[in-house]
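*Asks:* Use these hints to put chain E onto chain V, whose structure you have.
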Amino acid sequence: MKIKVLGPGCANCVNLEKVAKQAASELGIDATFEKVTDYAEIAAYGIMRTPGLVVDEQVVLSGRVPTARQVKELLAPRVG
Amino acid sequence: MTTTATPGARRKSLQRWGGLALAAVLWWVLYLVNQPFWDWLVGSVIGLDLSGRLGSGVHFFLYDTVKIVLLLAGIIFLVTVLRSFMSVERTRALLGGKREGVGNVLAAGLGVVTPFCSCSAVPAFIGFVASGIPLGVTMSFLIASPLVNEVAIALLLGLFGVGPTLMYVGAGLVIAIVAGYIIGRLKLERFVEPFVFETKLRGQVIDSTTDLTWDDRIQMGIEEVSSILRKIWPYLLVGIGLGAVIHGWAPEDFFATYAGADNPFAVLIAVLVGVPLYSNAAGILPLVEALHTKGLPMGTLLAFMMATVALSLPELILLRRVLKPKLIAIFVSVTALGIIAVGYLFNAVL
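Quick note, the sequences are listed as chains V and E, same order.
So that you can map any letter, position 43 of the first sequence is 43 in the working numbering, and since no number is skipped, the others follow by simple counting.
So that you can map any letter, position 156 of the second sequence is 156 in the working numbering, and since no number is skipped, the others follow by simple counting.
There could be a bad hint or two in this list.
What the hints assert, rightly or not - PhoX-like mimics (lysine-lysine), calculated; alpha carbons at most 25 angstroms apart, straight line:
| id | chain 1 | residue 1 | chain 2 | residue 2 |
| --- | --- | --- | --- | --- |
| 1 | V | Lys18 | E | Lys231 |
| 2 | V | Lys2 | E | Lys200 |
| 3 | V | Lys35 | E | Lys200 |
| 4 | E | Lys98 | E | Lys200 |
To be verified - Counterexamples of contact, computed for chain E against chain V with all Cβ distances above 12 angstroms:
| id | residue |
| --- | --- |
| 5 | Arg11 |
| 6 | Tyr31 |
| 7 | Thr257 |
| 8 | Tyr258 |
| 9 | Val273 |
Derived by calculation from the structure, the hints in this document are not laboratory data.
As the structure is a prediction and not an experimental result, all values here were calculated from the model.
Heads up, the beta-carbon is just placed ideally off N, CA and C, and yes, glycines get one too.
The following block holds chain V by itself, in its conformation from the complex (with noise of 0.2 angstroms):
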């Protein structure tokens, strides 16, 4: 599974990366993380409020910081 964090660098993108590897490994998920950091890169994917978060080249989440819990349900049905 490539999972892609997408945004500048701010804390909610760190803590967006923190939760979705927290996810992934709780669900034995095994994972590549990418840092998306280009903001025409960004905009491309249809992002208008940083973070975002992207599987698989589909965006799940965009504008917040879920909790581990929510990706994992983002993240499970995705497996395989």
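*Replies:* Only chain E this time, still in chain V's reference frame:
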């Protein structure tokens, strides 16, 4: 809302609305006892003279801190819950295909009601412009959003009443509409970084607000209150502290003499001081309140506050990623001129 009213769901619903009603009553009681409580504590228990310098300064600080925190908590909660029905994505969809003029008016109005943080100004700017929304219309949105903000509305309403609040909202909307329209007419697209127009929007748009329950929206309101209060409390304390000093110690006619209604440069100076000053409405309004009691006219004070909240250096530095310096300069000048004009207008008619 739930369509199938199972006993469990009904109990949850009762808990939710009952809790909210209880919180509202508690809020109202605290708001009512605030002044008598500090009158009693500062005046009778500590024994300070409430009309003296120290007594009135201390009383102002304590009373104002509680009042402003209450007002902020109440109004930010309400606004956040109401705004949870809007989103930047929906706003962009509404603005799509609108001409300039109508577009500017709509964009300014949506700038007020859309939940939006200027930290997202850059991706939103790219998202708007790359999807074909005219530059001037986009700017109307970006100007209105910080200029007419919920913190300022909460405090103006509580400290000055409905009249000045409506004036502020109306003035903010007009400035955003006109400034955006002028920027659009000037055909400044060449001063936008070219990559913005080349950005291809490929991701599907997700609107994170469509499937929220009432519990989610209330939770968002509570989180927003705590996050805003945590962010602004230093500004708030400095602002109220300065206000208290002015309140207790500044000579009665000091500010009125130098910056009163008969000084033609007062508004101009207020705006020039306000633009580089980086604070938010929570830090500025206690100061504005204290200066108002010292005889400064409302137009000058509103202009000062608008200049401080609408144009901030950190946001301009962020916008530099997408706008060339010349366009940033024009954006700042047009907005500042609008604020100055509004200040003079209010001083003249009030």
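*Asks:* Compute the least Cβ-Cβ separation between Tyr258 (chain E) and chain V, then decide whether it is above 12 angstroms.
*Replies:* Nearest chain V Cβ is 41 angstroms from Tyr258 (chain E), so the label holds.
*Asks:* Would the pair Lys18 (chain V) and Lys231 (chain E) pass a check requiring their Cα atoms to be no farther apart than 25 angstroms?
*Replies:* Given pair Lys18 (chain V), Lys231 (chain E) holds - Cα atoms ~22 angstroms apart, limit 25 angstroms.
*Asks:* Taken at face value, is the distance from the CA of Lys200 (chain E) to the CA of Lys2 (chain V) at most 25 angstroms?
*Replies:* Answer holds: Lys2 (chain V) to Lys200 (chain E) is near 22 angstroms, not above 25 angstroms.
*Asks:* Classify the label on Arg11 (chain E) as holds or violated, using whether its beta-carbon is more than 12 angstroms from each beta-carbon of chain V.
*Replies:* Non-interface label stands for Arg11 (chain E): nearest chain V Cβ at 24 angstroms, farther than 12 angstroms.
*Asks:* Taking 12 angstroms as the cut and beta carbons as the points, is Tyr31 (chain E) off the interface with chain V?
*Replies:* The claim holds: Tyr31 (chain E) sits with its nearest Cβ about 30 angstroms from chain V, beyond 12 angstroms.
*Asks:* So if I understand the rule, the pair passes when the alpha-carbon distance is 25 angstroms or less; does Lys98 (chain E) with Lys200 (chain E) pass?
*Replies:* holds, 21 angstroms
*Asks:* Hint check: Lys35 (chain V) vs Lys200 (chain E), CA-CA at most 25 angstroms. Holds or violated?
*Replies:* holds, 20 angstroms
*Asks:* Mind verifying the non-interface call on Thr257 (chain E)? Its CB should be farther than 12 angstroms from each CB in chain V.
*Replies:* holds, 45 angstroms
*Asks:* Does Val273 (chain E) really sit off the interface, with its C-beta more than 12 angstroms from all C-beta atoms of chain V?
*Replies:* Since the minimum Cβ distance to chain V is about 29 angstroms, Val273 (chain E) lies beyond 12 angstroms and the statement holds.
The structure fails none of the hints (numbered hints given earlier).
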